[in-house]
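**Q** Now for the letters of each chain:
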Amino acid sequence: MAHAVFTEEAKADVRELVAEDEDIAREGLEIAKQLENDPYRGEPLREKSNLKPLAQAECRKIKFDHPNRTASAKPRYRHRLVYRIEPHEGSPETIVIMAVGIKPRVYRDATVAAARRLREQARTRRRTLD
Amino acid sequence: MGRGARRTKATLTLTTSQARSILPELARTAARRAKPSRNLLDNAVEIQPRGEARSAYLVPEVDLEEAARRIEDLEDELEDVALVRLLEQRVLADDGHLTPVDEVIAEFGFHDLLGDTVG
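Those protein sequence lines, which keep their order, are chains F and E. Under the numbering used here, the first sequence has 161 at position 77, and the numbering climbs by one with no breaks. Under the numbering used here, the second sequence has 82 at position 69, and the numbering climbs by one with no breaks.
In short, the hints are calculated from the structure, not lab data. Accuracy of the hints is not assured; some may be wrong.
Said to hold, decoys possible - In silico lysine to aspartate or glutamate, EDC-like type, Cα no more than 16 Å apart, as pairs:
1. E:Lys22 x E:Glu78
2. E:Lys48 x E:Glu78
3. F:Lys187 x F:Glu92
4. F:Lys95 x E:Asp115
5. F:Lys117 x F:Glu177
6. F:Lys95 x E:Glu120
7. F:Lys147 x F:Glu127
8. F:Lys117 x E:Glu88
9. F:Lys147 x F:Glu111
10. F:Lys117 x E:Asp107
11. F:Lys158 x E:Glu101
12. F:Lys187 x F:Glu120
13. F:Lys95 x F:Glu111
14. F:Lys117 x E:Asp125
15. F:Lys158 x E:Asp89
16. F:Lys187 x E:Asp89
17. F:Lys117 x E:Glu120
18. F:Lys147 x E:Asp89
19. F:Lys187 x F:Asp149
20. E:Lys48 x E:Glu79
21. F:Lys187 x E:Glu85
22. F:Lys187 x E:Glu90
23. F:Lys147 x F:Glu114
24. F:Lys95 x F:Glu106
25. F:Lys95 x F:Glu114
26. E:Lys48 x E:Glu74
27. F:Lys147 x E:Glu90
28. F:Lys95 x E:Asp108
29. F:Lys147 x E:Glu88
30. F:Lys95 x E:Glu116
31. F:Lys147 x F:Asp107
Work the whole structure out from these sequences, hints included.
**A** Encoded structure:
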């Protein structure tokens, strides 16, 4: 059996989720626990093109939502649990849970941080040129 | 719905009167298409009401389904790109500290998820 562990950031995600909706947090934690027996349950991050940079990240995601959410609701699953199998996909000893969150938050966090970094880089370049 | 030059207009444009007279045939032809076309407009028929700046389209169901599937794929792919960016940022800031799932479950008070292992 593999052992599931949370990074500090993923734990902070759970804390936020608990504050928002305990049932959804419970669902996420239950899935995390089940991964110890079923490490390949998540779908690999992927892309349709022939280039496979996302696959190289060797991470998987599971879509989930409130257990009582209707099957016809749009979107069906609003939350994501993202994890990585370590030491590698073929040998599931540890399941490292890296993120547990709402889809829009994932976009926001990723893009806000990337935009900030670009701005900082540009500022540094300007200072160097001055 | 593959790659290549994108069609922006339907191959057939009809007035509403023309469309009305052959509507059963148009609908039957569209409904009988079994294989999606490369482009949403390849087998679409444009119906142009008189005096209107914009028109309406009659599109085979199979092409609509393919378009919806493609949008879903793209959304999923976009999400995965964003996830990888997020994970990359998290890895850079990671202090290496990991907490076992059982401890996280217990910390947030969901003891029942642990079965008999924790009271």
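**Q** Is the Cα-Cα distance between F:Lys95 and E:Asp108 16 Å or less?
**A** holds, 13 Å
**Q** Assess, step by step, whether the Cα of F:Lys117 is no farther than 16 Å from the Cα of F:Glu177, and give holds or violated.
**A** holds, 14 Å
**Q** Keeping to a limit of 16 Å between CA atoms, is the pair of F:Lys187 and F:Glu120 held or broken?
**A** violated, 24 Å
**Q** Regarding the pair F:Lys158 and E:Glu101, is the alpha-carbon distance no greater than 16 Å?
**A** violated, 29 Å
**Q** For the pair supplied as a hint, F:Lys147 and F:Glu127, is the alpha-carbon distance within the 16 Å limit?
**A** Given pair F:Lys147, F:Glu127 holds - Cα atoms ~9 Å apart, limit 16 Å.
**Q** Compare the distance between the alpha carbons of E:Lys48 and E:Glu74 with 16 Å, and conclude whether the hinted pair is satisfied.
**A** holds, 10 Å
**Q** Mind checking the alpha carbons of F:Lys117 and E:Asp125 for me, to see if they're no more than 16 Å apart?
**A** holds, 12 Å
**Q** Mind checking the alpha carbons of F:Lys147 and E:Glu88 for me, to see if they're no more than 16 Å apart?
**A** holds, 14 Å
**Q** Hinted pair, alpha-carbon criterion (16 Å max): F:Lys187, E:Glu85. Please report holds or violated.
**A** holds, 14 Å
**Q** Straight-line Cα separation of F:Lys147 and F:Glu111 no greater than 16 Å?
**A** OK: F:Lys147 and F:Glu111 at ~11 Å, within 16 Å.
**Q** With the threshold set at 16 Å, check whether the alpha-carbon distance from F:Lys95 to E:Glu120 stays at or below it.
**A** holds, 10 Å
**Q** Against the 16 Å threshold, does the CA-CA distance of F:Lys117 and E:Glu88 hold or violate the hint?
**A** Roughly 28 Å between the alpha carbons, so the hint for F:Lys117 and E:Glu88 is violated.
When each numbered hint is compared with the structure, violations occur for hints 1, 3, 8, 10, 11 and 12.
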